[in-house]
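Asker: Sequence:
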Amino acid sequence: MKLLTESEQRQVAAAIERIERDTDAELVTVLAARADDYTYISLLWAGLVALLLPGPVNLVGGWLSAGHLLLAQWATFILCSLLFRLPAITTRLVPRAVRHWRASNLARRQFIELNLHRTEAESGMLIFVSEAERYVEILVDRGISSRLDDSTWQAIVETFTTQVKRGETLQGFLTCIEACGALLKEHLPATHERNELPDRLVILS
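Following UniProt numbering, the numbering of the sequence shown begins with 1 at its first residue and continues without gaps.
Treat the hints as calculated values from the structure; they're not laboratory data.
Hints should not be assumed to be uniformly reliable.
Claimed, not checked - Each pair of labels, with its calculated beta carbon distance range:
1. R18 / I203: 19 to 27 Å
2. L44 / R194: 42 to 50 Å
3. Y40 / I203: 22 to 30 Å
4. I78 / D22: 51 to 59 Å
We treat Cβ as the ideally placed atom computed from N, Cα and C, and that holds for glycine.
Work the whole structure out from these sequences, hints included.
Answerer: So, in structure tokens, the structure goes:
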């Protein structure tokens with residue numbers, strides 16, 4: 001999966017730098033290729049296909065011996081395990097609820113690992129995207145949530161998610177950052193110059 005180029009990443013960083021001039025919020029953006037490799041899902045599906053194999057095989061040609069049938073099951077399991085590891089296929093095998101749960105967990109881990117919970121004014125904001133899961137989430141620290149309800153970001157997230165599904169990830173970031181910046185400028189205006197966290201786009205490949 002192709003993530004943003006260096007030039008596109010610089011555009012995101014520049015957008016963050018622009019809006020942070022007008023707000024005390026500290027924005028960090030993260031783009032992940034995928035939230036999980038879902039190896040266990042691939043193995044579960046491969047095992048299920050292998051277990052169901054005797055039914056159609058015996059129906060079409062019941063002449064296979066138990067040994068040959070077992071060999072066919074093992075071969076099916078191995079081939080399906082490899083096939084189902086392909087990202088384009090794996091994503092479709094994983095229930096949406098599971099994909100979003102894994103992406104949400106990764107977003108929360110990034111919030112902590114990138115020290116968004118340790119800013120001076122508790123004003124950290126994470127804009128997180130996981131492309132394979134088509135998942136977007138905005139997480140904010142207490143300094144922001146005390147002034148803006150979490151539901152404030154819902155429309156922005158929905159718009160960004162639609163853009164990610166269309167393959168417009170760069171434009172999605174720029175639109176999202178601009179929309180968040182307008183709200184932050186109004187409700188959390190800049191009181192003094194600060195830049196506690198890096199403006200660059202964090203890429204998780």
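Asker: Each of the hints needs a verdict: does it hold here or not?
Answerer: Right, here's what the structure says about each hint:
Taken as a hint, the range 19 to 27 Å holds for the pair R18 and I203, whose Cβ atoms sit roughly 21 Å apart. Take L44 and R194: their Cβ atoms lie about 48 Å apart, and the range 42 to 50 Å holds. For Y40 and I203, the hinted distance range of 22 to 30 Å is satisfied, since their beta carbons lie about 25 Å from each other. A hinted range of 51 to 59 Å for the beta carbons of I78 and D22 is consistent with their spacing of about 57 Å.
Hint violations for this structure: none, all hints satisfied.
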